[in-house]
Amino acid sequence: MKKWGVALMLAASLVMMAGVGLADTKRVRIGISKIVAHPALDALEKGVQDGVRESWPEAVFDLQNANGDLSTAASIAQKFKAQQVDLAVGIATPTAQALVNLLKDQPVIYCAVTDPVDAGLVDSYDKGGANVTGYSDMTPVAEQIDFLLRIKPIKRLGHIYASGESNAVRLAQIARKVCEERGIEFVESTVASSAEVKQAIQTIIRRVDGVYLSNDNTVFAALPAVSEVCMRHKIPLVTADPSSARDIPVLAAWGFDYYRMGVATGRLAAEVLSGKPTAEIPTRYMTEAADMDLLVNLDVAGQLGLTIPPDLLEKANTRIENGALTEAR
Amino acid sequence: MIEGIFVEGLIYGIMALGVFFTFRILNFPDLTVDGSFPLGAAVMAACITSGAGIFWGLTLALVSGWLAGAVTAEIHNRLRVPHLLAGILTMTMLYSINIRIMGNRANLPLVRQETLLTQVTQAFPGLDPAWVLLGFFIVLVLGIKVLLDLFFLTDMGLVFGALGNNEQMVLAAGVNPATYKVIGVGISNALVAFSGALAAQYQGFSDVNLGLGMVVFGLAAVMIGEFLIPSNRIWVLTLRVVLGAILYKAILYFGRYYGYAIHMTPSDLKLISGLLIIFALVLTRRGKKGRGGLFS
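Chains A and B supply the protein sequences, listed in that same order.
Per the numbering used here, the first sequence starts with residue -19, numbered consecutively.
Per the numbering used here, the second sequence starts with residue 100, numbered consecutively.
It should be emphasised that the hints constitute simulated quantities derived from the structure, not laboratory data.
Mixed in with the good hints there might be a few duds.
Stated by the list, open to error - Covered stretches of chain A, going by a simulated chain B footprint (3 or more residues, C-beta under 8 Å): (1) 48 to 58; (2) 79 to 85; (3) 100 to 113; (4) 140 to 147; (5) 221 to 233.
As the list claims (entries may be wrong) - Going by beta-carbon spacing under 8 Å, a handful of chain A positions derived as facing chain B: (6) THR73; (7) PRO74; (8) ALA122; (9) ALA175.
The beta-carbon is built from N, C-alpha and C at its ideal position, and this holds for glycine as well.
Next comes chain A alone, as it looks inside the complex:
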């Protein structure tokens, strides 16, 4: 009796699974695997869909989210493989790695991956893989630090990053190198979770003249804490994320908009769907001036007693002055 029960159960699941294979449509199907629900990544996901729909209005999207469980990344890739999606998009490093590892015949587009070569997705920056290419979210670290230096010549730069986020670790390496080249002392502190961020900034705030934050989901979740401590100690804070700087007092934020990167990724996916081989498309970056957003908060500058050089202020497309947000362009 017992054995029959198990056999029945397994047979039933086999039949269910076989049924799945029959569900087939003629429209272009795109699977998007996202590591976790997060404002920046959600905007990115929406951008990808809008970008693809510009040339493939009929496209059907399968939006999957690993809920931060990395073991689920492989399950999602397996699902896309079984469904034979026409193209898969991996948002963030682990989901992209799982897709590249399991999908050999379908094109895979990655985005929100800082260093695709370091992440093992492609072999070189000069060309794409056999079925892999995508957008790097490498943020211009050197330019961002130089920007802070223009406003206030500092000797010691503070930086907080999550030791568990591969992108953040890579960006911190770059920031360290930039500081060495500029002859600035680099004071770093790492966190394992968002709850540790406040303590991390408090431990370094007395040893720094300025704070810089690059793209780091864990740290940005606790940006209000960083901003509060910096304001209390009158230390300028520059970040790589203009969208969070709209609500939270940050001296300046210079980076790209994740929605726009999503649209660019979607357009890239559309090119690949139209038949362009991925090997001919090297990793792309958001380097165009039009891709970048600069937000300057003049209220914060006033409280810190700093003046923004007019040429930098000229470049800012978003300003916050007397509590009001004005957008140029």
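Guided by the hints, dock chain B onto chain A, whose structure is given.
For chain B alone, kept in the frame of chain A given last:
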């Protein structure tokens, strides 16, 4: 696709066997798992990328997993710390250690490396790699299961069973429970780390956050297994854990596949997992009172 679910279920089934050992046999709820799973993955990835090879990767994953479990048991034994807290302490410390093992990185890719899985598929050219892997993992997991069954029939294995039931009786028989806990929790975490090492190769990367949700997965596999087949015989106990792991993977998969039909989003899956475990528990409990289970 079926083969994909089975392969994943089998890989995570090894981890579930480890959870079953501590949770059901030793009666030692162990949260080290969330740290020892990525530990195995980290050791494996470090061995492959540094060129030490697959054999050493798997061996060191087993050894390091055993050490992690032994540390938890020692914290519990010597400092009289409750099981759960001892496990959480080890798991927390393993976060830093795992990053160190991967060379101060949070993520180590294995995408274009030669792994156990690529070697196995290359050994059978001409056959569909997915089915080759399925065959390989069935043999591997059955082998581990049989070894565990045989182990539980030895004198030592019988003591483990008694230890979880009645520690006083074991003490009265002149056995030191502390030593056995070190060995037992060690074996459990060795299995978990081994599973982590295989999972890293299967999904193509090792990541410090790989352990999230592992204890829950292991518990779910154990509970669903108990719901499937009620029994006291050891070979059935271990078999149903593996079956539970496969079925749980399949259920999650279908949640992902058909969930949109009832407006379920992927972020609802965690709620579904929890409810599923409660559901299995309720049914198993009801079965114990009444006629004896779903398939008896």
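Item to complete: If any of the earlier hints don't hold here, list their numbers in rising order.
Response: 5, 8, 9
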